[in-house]
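**Student:** So the chains spell out like this:
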Amino acid sequence: MPLTVIGFEGSANKLGIGIVRDGVVFSNPRHTYVTPPGKGFLPRETAKHHREWMLNVLKQALTDAGLTHADIDCVAYTKGPGMGAPLVSVAVAARTVAQLWNKPLIGVNHCIAHIEMGRLITSADNPTVLYVSGGNTQVIAYSERRYRIFGETIDIAVGNCLDRFARIIQISNDPSPGYNIEQLAKKGNKFLQLPYTVKGMDVSFTGILSFIEDAAKNKTLMAEYTPADLCFSLQETLFSMLVEITERAMAHCGSQEVMIVGGVGCNLRLQEMMEIMANERGARLYATDERFCIDNGAMIAQAGFEMYRTGLKDATYEDLLEESWCTQRFRTDEVEVTWRDP
Amino acid sequence: MNLLQQGAEARLFAANFCGRSCIVKERFPKKYRLQEIDEKLTKKRLSQEVKALQRCRKAGILTPIIYFVDTTRSIIFLEKIDGETVRQHIVSVRKMQEDSSYHSIYPMAREIGKILAKLHDADLIHGDLTTSNMIIKTSDNKLDKKTNEIFLIDFGLSFSSSLAEDKGVDLYVLERAFLSTHPNSEELFSVLLDAYKDVSKKSSSVLTKLEEVRQRGRKRSMIG
Amino acid sequence: METFNLEPLLSDTSISVALYENVTNASKLKTLIKDGEIHAALIKAEMVLDVFQVLVASSKAFYAKTQNKLKTKLIYTEILFNLSPSNKISECFKLFGVEDEATCVLVVARKEDFSEVDKHVEGDICPLSKLDNLCDKQYLKKLYKVTDEELKVCSLTDCVVSQMAAKEIR
Numbered sequence: 001m002p003l004t005v006i007g008f009e010g011s012a013n014k015l016g017i018g019i020v021r022d023g024v025v026f027s028n029p030r031h032t033y034v035t036p037p038g039k040g041f042l043p044r045e046t047a048k049h050h051r052e053w054m055l056n057v058l059k060q061a062l063t064d065a066g067l068t069h070a071d072i073d074c075v076a077y078t079k080g081p082g083m084g085a086p087l088v089s090v091a092v093a094a095r096t097v098a099q100l101w102n103k104p105l106i107g108v109n110h111c112i113a114h115i116e117m118g119r120l121i122t123s124a125d126n127p128t129v130l131y132v133s134g135g136n137t138q139v140i141a142y143s144e145r146r147y148r149i150f151g152e153t154i155d156i157a158v159g160n161c162l163d164r165f166a167r168i169i170q171i172s173n174d175p176s177p178g179y180n181i182e183q184l185a186k187k188g189n190k191f192l193q194l195p196y197t198v199k200g201m202d203v204s205f206t207g208i209l210s211f212i213e214d215a216a217k218n219k220t221l222m223a224e225y226t227p228a229d230l231c232f233s234l235q236e237t238l239f240s241m242l243v244e245i246t247e248r249a250m251a252h253c254g255s256q257e258v259m260i261v262g263g264v265g266c267n268l269r270l271q272e273m274m275e276i277m278a279n280e281r282g283a284r285l286y287a288t289d290e291r292f293c294i295d296n297g298a299m300i301a302q303a304g305f306e307m308y309r310t311g312l313k314d315a316t317y318e319d320l321l322e323e324s325w326c327t328q329r330f331r332t333d334e335v336e337v338t339w340r341d342p
Numbered sequence: 001m002n003l004l005q006q007g008a009e010a011r012l013f014a015a016n017f018c019g020r021s022c023i024v025k026e027r028f029p030k031k032y033r034l035q036e037i038d039e040k041l042t043k044k045r046l047s048q049e050v051k052a053l054q055r056c057r058k059a060g061i062l063t064p065i066i067y068f069v070d071t072t073r074s075i076i077f078l079e080k081i082d083g084e085t086v087r088q089h090i091v092s093v094r095k096m097q098e099d100s101s102y103h104s105i106y107p108m109a110r111e112i113g114k115i116l117a118k119l120h121d122a123d124l125i126h127g128d129l130t131t132s133n134m135i136i137k138t139s140d141n142k143l144d145k146k147t148n149e150i151f152l153i154d155f156g157l158s159f160s161s162s163l164a165e166d167k168g169v170d171l172y173v174l175e176r177a178f179l180s181t182h183p184n185s186e187e188l189f190s191v192l193l194d195a196y197k198d199v200s201k202k203s204s205s206v207l208t209k210l211e212e213v214r215q216r217g218r219k220r221s222m223i224g
Numbered sequence: 001m002e003t004f005n006l007e008p009l010l011s012d013t014s015i016s017v018a019l020y021e022n023v024t025n026a027s028k029l030k031t032l033i034k035d036g037e038i039h040a041a042l043i044k045a046e047m048v049l050d051v052f053q054v055l056v057a058s059s060k061a062f063y064a065k066t067q068n069k070l071k072t073k074l075i076y077t078e079i080l081f082n083l084s085p086s087n088k089i090s091e092c093f094k095l096f097g098v099e100d101e102a103t104c105v106l107v108v109a110r111k112e113d114f115s116e117v118d119k120h121v122e123g124d125i126c127p128l129s130k131l132d133n134l135c136d137k138q139y140l141k142k143l144y145k146v147t148d149e150e151l152k153v154c155s156l157t158d159c160v161v162s163q164m165a166a167k168e169i170r
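Residue numbers (UniProt numbering), protein chains in the order written: chain A, 1 to 342; chain B, 1 to 224; chain C, 1 to 170.
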């Protein structure tokens, strides 16, 4: 019996709803809340955006898939981590349709959804995962029923560092600040030495951010360096650190596969650097494009599918409904991975 | 020279240096990063490693002997320590016993705690503490008893600092590596910390910082 | 006398190391070296704990030559320089080079140059293992500032060797 799962994602500024049937993505529409240059997205406004677009995106997900609610076997939604208000707005919607359609409801860890989607799309078997987004920076590997975090940022996430820098130099947030930094960086060629803070398999970004903030405001320095040069220098430094800790984790775990997931993961320069590293050690890189790297509904559906067919297969509709809450903090290693070999 | 392994920092080769077996550690250029970044890091890390090895020895911490250094080609020749990494040791001990507990490894964890206390009391930060960067050497002594000696290696990310914050982060890095590499080893790690506390003269401020860094990790918002 | 290959840095170079006692012509030997008649380093035997110490200094010297990075004029003076913790060249020679009246001399030469050197030495060749009795351990410990804490985890030779190897890095 094929299993058709619909997934709802809205932990940050993207609202995505996707339908997946046994590993095939039937639809995956998304709508992004874009703020003006110099402004980040705030919880209240983001939640409002999600509520406003919910029905449109849901309808589109069903239409694109050519399915009706009767074809859906299970509803999955993001339980966390993320911003409180947007999480709640999406959880309420998912809970509503689950009850309307009388389908089981499954709360999914957002980070694990990224990993499972990456594994599905790339067919990587047991990769070391670099998960990089606006809120997360982790190096993850699987062992004994958990996705274990080998390395992570000890302060802010890499995407957050990029977003905040974009605000300082007033780069457009459309389609995303990271994308625009990536484009601008291609025009930069003069490298400015920035702090480089690696602590074993962990990294720290606040020092770099405050350094480059000061640099951007320094008139004498900016006579020498263009904003493009700063984007270039920032990307090169941040990504070198990320590739380095990923490699360190691979060496530590003896891993020959590496996968990049999360919004920052669609940056082609990061992918290129990771690929060079992988080749140098005879390993293989698996990466995806913006459809699946950036937050989307299909990834939630895919992780929900794995959970539903394994650990939760005997759970009752009522139990699942009872468990349908959400949380801003939800660590990757809290989830028991029931769908992979121990 | 035989390639033994390719770490994140360097390639390791086995060789013979004037009659002694040695490890050749070559920090080769990392092509993924800009030359400007790479050359600076490589140079700095080689020098940090050499300095830390010397200072550790002076502080009475077991580290490999340095035989030869070539800063131009970024090569260090080091004494080869016969033994296995603490990581391999823990994994194999757990495989051999019937239950998956860590009890039999407690003495080793205490020993590691003591070494780290000495390291930090000498104002040295390792920078990359993991169970892969410690080697356990088992030798038979005269009384027919097995003795375990633990060597610290891989000092490329090390630096000197007297700040409790830096020492706290050093322990935090180890804790994270410990718990991710060795599932359910929370108790084992607390044994290590207890020994650290017993030996280090400045442990209280360091452990307070460790707790602060842990809290930062847990409380971090994770949006997107 | 023993011969050692300087692998893995210079597997095509082998050196001979010999220890002489009751030497009567140290000053003459020094002149021969200065005049380029013989090619060797003459080391104060009291300053050498173990032949390994000399091998480390020699490897470094022969390697520096291949890289055009000698800090002194000759490979053999470079060996003396490498043996010392100090960066002052004249001080190194005073510390590790033999005096005119020296009776215990450690000779280091390329394997192919050794027999010519040996011909000129007036003294008794003896096994290198004798270095252990001859060397002034207390003095070396002081010179290299080796602590007792250090000696708990490392032999004196190894402490000295590590410092020699890392001399450039401060």
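Any given hint might turn out to be false.
If you want a taste of the chain C side facing chain B, the calculated C-beta under 10 Å gives, among others [as the list claims (entries may be wrong)]:
hint, residue
1, Asn-5
2, Ser-27
3, Thr-31
4, Gly-36
5, Ser-58
6, Val-146
7, Ser-162
Since the hints were derived computationally from the structure, they do not count as laboratory data. No experiment lies behind these values; they were computed from the predicted model shown. No residue lacks a Cβ here, since even glycine has one placed at the ideal position from N, Cα and C.
**Student:** Determine for every hint whether it applies to the structure shown.
**Tutor:** Outcome of the hint check:
Against a cut-off of 10 Å between C-beta atoms, the interface hint on Asn-5 of chain C holds, since the closest Cβ of chain B lies about 8 Å away. With a cut of 10 Å, the hint placing Ser-27 of chain C at the interface with chain B is violated, because the nearest CB-to-CB distance is about 31 Å. Given the 10 Å rule on beta carbons, the hint for Thr-31 of chain C is violated: about 30 Å separates it from the nearest Cβ of chain B. Nearest Cβ of chain B to the Cβ of Gly-36 of chain C: about 27 Å, over the 10 Å cut. The hint is violated.
About 8 Å separates the beta-carbon of Ser-58 of chain C from the nearest beta-carbon of chain B, less than 10 Å, and the hint is met. With a cut of 10 Å, the hint placing Val-146 of chain C at the interface with chain B holds, because the nearest CB-to-CB distance is about 9 Å. Hint status for Ser-162 of chain C: holds, given a least beta-carbon distance of 4 Å to chain B, under 10 Å.
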